[in-house]
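Start from the sequences, fold in the hints, and give me the full structure.
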Amino acid sequence: MAHAHDSSSERPAILDKVRPAELPRSPLILNNRGFHWITDKVCGIVEEETPLWWKIMFGVALFVASFTFIGLGYLVATGTGTWGLRSPVGWGWAIVNFVFWVGIGHAGTLISAILCLLRQKWRTSINRAAEAMTIFAVCCAGLFPLFHVGRVWFGWWLLPLPNQNGIWPQFRSPLEWDVFAVSTYFTVSTLFWYMGMIPDLGVIRDRATTWWRKAFYSLLAMGWRGGNRQWSNFEMAYLLLAGLSTPLVLSVHTIVSFDFAVSNVPGWHTTIFPPYFVAGAIFSGFAMVLTLMLPLRAIYRLHDVINQYHIDNMCKIILATGTMVGYAYATEFFIAAYSGNAFEKFAFVNRAFGQYAWAYWIMVSCNVITPQLFWFKKVRENHSLVWIICLFVNVGMWFERFVITVTSLANDYLPSSWGYYSPTIVDIFTFFGTFGFFSVLFLLFIRFLPLLPMAELKMVAPQADPHAH
Amino acid sequence: MNERNERIHGVACTFRKVSDVFHAAEKVRDAGWKNWDVHTPFPIHGMDQAMGLPRSPVPRLTLLGGVTGFITGCLLTWYMNSYDYPLIVGGKPYWSVIFPFPVIYECTILLAAFGTFFGQFIFNRLPRHNHPLFDLPNFARISDDTFMIVLEARDPHFHLDESRNFLQSLGGQEITVIRD
Chain A
21 MAHAHDSSSE RPAILDKVRP AELPRSPLIL NNRGFHWITD KVCGIVEEET
71 PLWWKIMFGV ALFVASFTFI GLGYLVATGT GTWGLRSPVG WGWAIVNFVF
121 WVGIGHAGTL ISAILCLLRQ KWRTSINRAA EAMTIFAVCC AGLFPLFHVG
171 RVWFGWWLLP LPNQNGIWPQ FRSPLEWDVF AVSTYFTVST LFWYMGMIPD
221 LGVIRDRATT WWRKAFYSLL AMGWRGGNRQ WSNFEMAYLL LAGLSTPLVL
271 SVHTIVSFDF AVSNVPGWHT TIFPPYFVAG AIFSGFAMVL TLMLPLRAIY
321 RLHDVINQYH IDNMCKIILA TGTMVGYAYA TEFFIAAYSG NAFEKFAFVN
371 RAFGQYAWAY WIMVSCNVIT PQLFWFKKVR ENHSLVWIIC LFVNVGMWFE
421 RFVITVTSLA NDYLPSSWGY YSPTIVDIFT FFGTFGFFSV LFLLFIRFLP
471 LLPMAELKMV APQADPHAH
Chain B
689 MNERNERIHG VACTFRKVSD VFHAAEKVRD AGWKNWDVHT PFPIHGMDQA
739 MGLPRSPVPR LTLLGGVTGF ITGCLLTWYM NSYDYPLIVG GKPYWSVIFP
789 FPVIYECTIL LAAFGTFFGQ FIFNRLPRHN HPLFDLPNFA RISDDTFMIV
839 LEARDPHFHL DESRNFLQSL GGQEITVIRD
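Taken in order, these protein sequences are the chains called A and B. The number in my numbering is simply the position in the first sequence, starting from 1, with 20 added. The number in my numbering is simply the position in the second sequence, starting from 1, with 688 added.
Rather than coming from a laboratory, the hints here were simulated on the basis of the structure.
Lysine-lysine pairs mimicking DSS-like chemistry, simulated, CA-CA at most 25 Å apart: (1) B:Lys-705 to A:Lys-61; (2) A:Lys-336 to A:Lys-397; (3) A:Lys-336 to A:Lys-398; (4) B:Lys-715 to B:Lys-705; (5) A:Lys-61 to A:Lys-234; (6) B:Lys-705 to A:Lys-141.
No experiment lies behind these values; they were computed from the predicted model shown.
Okay, structure coming up:
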């Protein structure tokens, strides 16, 4: 290059002639919507009169949630035996449900934190709802291990607090690591969610017309004024919380997988568990985000801010993580065969062809085969189909945890102690009710808090560029 | 001048376009103002430079929180499992940095997050519910779609009429005097 020009510091003449092509970038907000439209749209959801569908859904959700509380009440009154836990399967649906719900939560943090660090601007319209989903999913998850301890009134012994026995938690146990991981995760996610919401709560406060509304949102908005000196600290804190949440979310599901991987049960004792669990968590969480956001988008007519580009991206992440999960299933089989360990080999053959083969094949078809449909643009554009596929993914990921937990325990080293685990009606009711519990919390969120982050949506609008004229 | 400004918080003017408020902010910065702010419904990219703001001090409290969390995690696990009630589990050492590392790690993140969260409130002087700006009749529009520059009376450059004219020369609309 240098010899063609007199001096290398001189700008090559050719650069003036060729113009770099404008790369087409999908617009994040369609129909050229302005700032005021965004404010009206998002605040309108909170300010309108409570819609009929919300009242009906809330009633249904409360009814379903009562199943969990009746189930848990019965458990506390009777004992954990009502959960179908007996030798050799001492970890049944409770652990399955715990891992299922925690996993769901992870997509929220992925969207809010990891995509923020990666400067993925499309995250803006879905991050608030996804973070809310995280927090509510962790609430559901936390119920199971808490009540699994049996005497729930001693649950606080898990915390490093002095108790009447004069003993402390045992920090060599992955279950104790879980206590720290999940409670930190819940706390940090809540801080992140709330802090991100403060400017938007300020908007609702400024528009409030009744005194109680003004008082409620003033209290939550903490006196936010939107000065750039405040924004400067806010943006820095937001970025730092994103940076802290990223290693946190990876560690949480890693530690959840340690509950299994640190034991020496065949089928659990594998080093692939942490990345495999994290990929699975993101996979199921994105499916849940779409399951929630597609109906909301239709109800509140959010098509301009959650457009096909957003849905495409989420479908592609589901496709990618679903394929990773499928790859992990294959790797587990390969390593079992390659290990030369008879118990390990048996554990995997037993998974696919043993007494729980039905669960294994539900898992494979839902998690590995179904998401492959997202290769096709036609499928991604058919939102009813996307929604149904996401339901399949949710079902498949629940079965993944079931397969991992139950097959390994039911058939371990000693054939004489093998058994067949089935849940009881209390198990089924308690789990079924958590969907109601989750829905109650999510419906309250939709009704009273800003569903979409207004400030962040305005930031990605083309009018927000200070150098545009 | 002092008698006149006694009960005045400052002067505000609004802008409708991001580029207008951005360039106006650069001019206020170049005029040497120290006590002033730009109120916007969302953070404008590059506004910190346009206002000449230093880097936010929030990371200092994040670091402080993180270091405190790490030390707390180490002390907690050491005191409980090795000093106050030593437990022999699997013939392993009473304490090492390895086995309780997940606990130490989570404590580090937890306290770093608290440092960040409360750091934001401390450096932003929040919560504060009684600011004179809340009495502005058009304040609701500032969180919606309008931008506002506020020149505060405590700045040595402040003089009611001159500051008003200055804001007018920047292209600001709806110039209002904010009273304390």
